[in-house]
Amino acid sequence: MAWIRAFGAYLPARVVANAELAARYGWDPDWIARMTGIEERRYAADTESVADLGAAAARDCLANAGMSPSDLGLILVSSGSSERRFPGPASSIAHALGLQGVPAIDFPLASAGSLFALALADRLVPFHGNVLIVAAEKMSSIATREPADRNIAPLFGDGAGACLVTPSEGAFRIVDSVLHSDGAFASDLQLGLDAPLQMNGLTVILQAGRKIPAAISEVLERNHVAAPDIPVFIMHQANQNLIDRVARAIGVPSERFFSNIRRNGNTSSASMLIAAAEWWNSETSRSATGICFAGFGAGFHWGAVLATAGSGISR
Amino acid sequence: MTDQEKIIAALKRVTRKDTVPAADEPLFDSGYLDSFALPDMVAEIEKEFSIKIPDSDLTPRKFESIDRITTYIESKR
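Protein chains in written order, with my numbering: chain Y, 1 to 315; chain C, 1 to 77.
It should be emphasised that the hints constitute simulated quantities derived from the structure, not laboratory data. Built from N, CA and C at the ideal position, the CB exists for glycine as well. Hints may be right or wrong, so weigh each one.
Only some residues are given here: those of chain C computed to face chain Y with a beta carbon under 10 Å [as the list claims (entries may be wrong)]:
id : residue
1  : Phe36
2  : Ser56
3  : Phe63
4  : Glu64
If we strip away everything but chain C, and leave its shape as in the complex, we get:
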């Protein structure tokens, strides 16, 4: 699986939706994630990639789209 496929899998588990937003579509404005689904998304990403995201990186901007999450994951390598 590519990073993006893993992120989409994590997103589907959190939203329980079959539909997936475009990679550059804002996850919050589009209604895919709200303030309480975002922490779940962060937890799923940590699980999916076996990483621990530090508190200092917990800003909504890093997780606002599939593209941005992909960029963040790449930056952690």
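This is chain Y alone, in the form it adopts within the complex:
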């Protein structure tokens, strides 16, 4: 069995409001808010790397868990915006935490990487002990790469989230997960080696709007849980309209889906764990009896993870 012990997050200091980007890309500042729910996002400083963001979220998570880096047996790092083709940020994050020899594995899965890492951590915990999942993204560096698509660039922001999964007690026990991939749509959301980010928004929305609810229903039905019985859903923060659509599709009020997209934009694979960390710090998290996570991203890769209230460990 694996337990979620804590979440953590880091957001860069610089807030970039729609008005600033509207001036740069020449659109109505209300347009992006209307179409996506995004009003502002964070941009990292030029001197901040993906690994810097990830290490900051990792430290926050460890502090929330009351643990130290030396307690870790494995680090899983998701990022689709790493500065280098290799090595990815995992080993740098481990080094920043002062670790030597602890395995650190990169998951270069945009958007869905943190969900996949969470599902895999559930299986890896019995062998490795405490697993720290980190998802770090500096999307501003690629979304604004020229020639930037004026309809895509404003969607993204920077940040990092983290989650500690342990073989001992935690607030939530990971019950089950479903993961899926389909390469038929790989070119509909892609980042070439030196090319701008390319996204066929119509295809992404069509596919995500159907696949995310299907994955949630699959994991819930397999465990004989009804969607209305899940107090909180935390999914990849891509677009408020998509979140609302997924909520409608599974038959729960949109308010049941935690959302921070208005303030953070789409931080790709980091978004789910940043949202989880913000929810974790809220009062409502303390009485929650379960969480359903869901994600969808380039590949396409998608899935859902179900966790229920664990041992009631004090936080």
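Since the structure of chain Y is provided, determine the placement of chain C on it from the hints.
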């Protein structure tokens, strides 16, 4: 009702507009559908024709005009 009349009825329910584009007019470029109205259009077509459109067929090109939707529906028979 013909297939095209059914598609137009579905489109009107989604757009809530009385006007209808020409059969070969792009529904997205003309502003009849945006990225979030398209999934609603797909759902209305499934309802109207009592079919389930598989995920593998969910590409915007198949739904970019009334003509293309008509062709797709015919291909499913």
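Agreement of hint serine 56 of chain C with chain Y interface, Cβ distance less than 10 Å = holds (6 Å)
Tell me if phenylalanine 36 of chain C is really an interface residue toward chain Y, meaning its C-beta lies closer than 10 Å to one of theirs.
-> At about 5 Å, which falls below the 10 Å cut-off, the nearest Cβ of chain Y leaves the hint on phenylalanine 36 of chain C intact, so it holds.
Using Cβ atoms only, decide whether phenylalanine 63 of chain C comes closer than 10 Å to chain Y, and label the hint accordingly.
-> holds (9 Å)
For the hint on glutamate 64 of chain C, just tell me whether its beta-carbon gets within less than 10 Å of chain Y.
-> For glutamate 64 of chain C, the interface hint holds, since the closest Cβ of chain Y sits about 9 Å away, which is under 10 Å.
Violation of the numbered hints given earlier is absent; every hint is satisfied by the structure.
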